[in-house]
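Chemist: Residue strings, one per chain:
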Amino acid sequence: MSASVLTEPSVRGSSKSPDAPDAPREPVRQRSHWVRHRKEYLTFLLFVTPNMALIALFTYRPLVLNAQYSTLRWNLGSDTATVIGIDNYVRWFTDPQSLEVVRVTTIFTLATVGATLLLGLALATVLNRPLRGRTFARSVVFAPYVLSGVGVGMVWLFIFDPTYGALSAVLRVWGATSPQWYLDRDWALVMVIVVYVWKNLGYAAVIYLAALQSVPKDVLDAAALDGAGRSRTFWQITVPLLSPTTFFLVITTVLSSLQSFDLIHVMTKGGPLDGTTTLMYQVYVEAFVTGRAGYSSAISMILFTVLLVMTLGQMRFLETKVHYS
Amino acid sequence: MSTPTRTARRSPAPALGGHLTLAGATLIVVLPLVWMVLSSFKSSGEIVSLPIQWLPTSLAPDNYVEAGRTAPFGRFFLNSVIVTAVGASLKVLLALLTAYGLVFIRFPGKKIIFAGILVALMVPAHMSLVPNYTLIAGWGGRNTLWGIVLPGLGTAFGTFLLRQHFLSLPRSIVEAAEIDGAGHWRRLVSIVGPVSAPTIATVALISIVGEWNEYLWPLIIVDTPELMTLPVGLTLLQNIEPGATAWGVLMAGTAFVLVPVLLVFAALQRYIVAGLTQGAVTG
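From first to last, the protein sequence lines stand for chains L and G. Each residue of the first sequence is one higher than the one before, starting from 251 at the first, in my numbering. Each residue of the second sequence is one higher than the one before, starting from 7 at the first, in my numbering.
These are calculated hints, taken from the structure and not from any lab test. Don't take each hint at face value.
To be verified - Listed next, with one range per pair, are the computed distances between beta-carbon atoms: (1) G479(L) to L84(G): 35 to 45 Å; (2) V423(L) to A143(G): 29 to 39 Å; (3) I118(G) to K289(L): 14 to 24 Å; (4) L127(G) to I334(L): 30 to 40 Å; (5) T555(L) to G30(G): 36 to 46 Å; (6) K116(G) to R435(L): 49 to 59 Å; (7) L56(G) to F497(L): 43 to 53 Å; (8) G30(G) to P466(L): 22 to 32 Å; (9) I185(G) to L295(L): 35 to 45 Å.
What the hints assert, rightly or not - Here are some, though not all, of the chain L residues that point toward chain G, as calculated from beta-carbon distances under 10 Å: (10) G327; (11) V390; (12) Y453; (13) L508; (14) H515; (15) V559.
For glycine and all other residues, C-beta sits at the position ideal for the given N, C-alpha and C.
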């Protein structure tokens with residue numbers, strides 16, 4: 251529509267201006283569209299520019315700069331930097347530590363996502379039943395999701411304290427001794443995973459619950475009439491019907507799991523011996539602890555690529571696969 | 007017709023199992039928070055007593071006083087309140103203006119601007135750490151409250167939520183005001199805003215909770231205690247209070263961080279849950 255107005259020779263816009271009866275001059279005709287709606291356009295710019303300028307400055311600009319920084323040997327805060335091309339990437343891909351970081355990231359992501367989805371679905375099916383107190387339970391279960399990761403990490407760090415924590419007291423009742431959650435790499439990773447699932451479980455449960463409530467009743471009734479038992483109906487009808495939700499949750503929880511920082515920083519600081527250092531945590535450590543900002547930016551780019559591939563994969567997959575109706 | 011059979015099939019036993027599951031899930035969430043509150047009232051002797059002493063002997067707020075003495079918790083609290091209030095209100099205002107513009111004001115190429123919002127939604131936060139740190143530090147924003155707030159002000163999420171809501175409003179609402187000759191600002195303030203109050207409340211609450219909990223950015227941009235927000239100050243307390251006896255004080259500090267959000271959530275959880283799970287519904 252805008253194009254047709256621009257190419258149209260008539261100068262409807264200028265009819266509003268005081269000198270309309272005069273022969274329209276060239277610039278006026280070309281900008282008639284803008285003149286006619288000038289007030290409207292200026293209002294739009296006034297409304298939209300502050301937010302978009304902030305987004306451009308603090309979201310888009312970093313995207314470009316990060317790519318540039320990743321080609322530098324540069325310490326944070328230093329005035330001098332050396333262009334070293336792809337050396338930071340080469341270094342990361344050849345450093346044996348990276349393999350360890352990838353291992354930790356993979357275990358952390360798979361475990362948190364798997365547990366969050368399975369337990370979330372189980373909880374949602376219970377919340378979906380007409381039980382007393384389920385609205386209350388739904389709210390309570392969601393609450394940890396809105397709490398500060400730092401605060402949650404601190405509370406659980408005390409619970410996991412191998413000598414004075416609540417968990418060790420419970421284990422002692424059963425005659426077991428608490429693992430060394432703070433000192434053993436594997437147990438530390440388990441600890442962080444457990445707390446992450448505790449914090450995010452409610453989100454998956456509430457989303458699954460919404461999906462369960464939209465499963466058509468007559469489909470389930472038809473299955474019951476055909477003699478399908480409860481568990482068979484659940485696995486062969488409900489779960490397949492939930493596949494778009496499951497897919498959505500896999501993507502969103504993988505993305506947030508890959509970017510989790512607060513819990514790890516408070517509970518383990520990536521340790522012991524890098525046992526809980528994920529890619530995201532490595533980005534932080536390299537930039538703000540060891541100060542190798544160029545190297546950190548390269549790792550940022552690698553993590554970004556992983557996230558981007560997943561997001562784009564989600565879009566492709568949603569378009570092609572997850573249509574069932 | 008199907009109702010009687012359904013209720014008949016539902017024997018008391020599964021209902022009991024369901025209730026037990028709900029109770030279990032609720033306890034798993036509530037007990038750690040109860041443990042935090044109880045521990046925050048325990049003396050250091052009670053914290054390290056073996057076998058464990060579950061309940062504190064007195065409810066004197068000694069650990070809260072001690073937390074405030076060891077680190078400036080009053081200051082942290084004030085900083086968090088300022089950062090949250092200023093950050094969240096500016097965020098909501100910017101989101102409102104942008105979403106209103108994208109829906110109700112005529113402008114060529116609005117689709118491109120909206121696409122820009124969607125792309126910004128997908129840019130992960132870690133990408134901006136080093137570039138924004140360099141920029142804000144260069145402007146002298148290290149160890150300032152504006153340095154904490156500024157980079158997060160531009161909001162793609164709030165804009166997205168409000169735009170989707172505005173699109174669902176009937177056009178006639180705004181057209182009546184247009185005929186009365188009301189300008190866009192008047193239309194936003196006196197018509198579109200009021201009818202959108204629940205959605206605005208949702209965006210506001212999510213922004214408030216987000217600002218309050220924000221950790222990584224304030225952590226890197228501030229290192230003097232006087233300008234730390236609560237989550238950052240809490241880790242400062244963790245660093246200067248080593249050893250098991252400090253748990254009581256640390257739990258008191260943690261309560262400063264968690265309890266305000268729990269209260270807000272308890273009062274307004276309907277809006278918060280709706281907003282945070284919106285992506286699943288619209289996406």
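Chemist: Now look at each hint and say whether the structure bears it out.
Modeler: These are the hints, each one checked on the structure:
1. G479(L) to L84(G): 35 to 45 Å: Since the Cβ atoms of G479(L) and L84(G) sit about 60 Å apart, the hinted range of 35 to 45 Å is violated.
2. V423(L) to A143(G): 29 to 39 Å: violated (52 Å)
3. I118(G) to K289(L): 14 to 24 Å: holds (22 Å)
4. L127(G) to I334(L): 30 to 40 Å: holds (33 Å)
5. T555(L) to G30(G): 36 to 46 Å: holds (41 Å)
6. K116(G) to R435(L): 49 to 59 Å: Holds, since K116(G) and R435(L) (Cβ atoms, about 52 Å apart) stay within the stated range.
7. L56(G) to F497(L): 43 to 53 Å: holds (49 Å)
8. G30(G) to P466(L): 22 to 32 Å: holds (30 Å)
9. I185(G) to L295(L): 35 to 45 Å: violated (24 Å)
10. G327: holds (7 Å)
11. V390: Holds. Min distance 5 Å.
12. Y453: Result: holds, 7 Å to nearest chain G Cβ.
13. L508: Holds, about 8 Å.
14. H515: holds (7 Å)
15. V559: violated (12 Å)
This entry does not satisfy hints 1, 2, 9, 15, going by the numbered hints stated previously.
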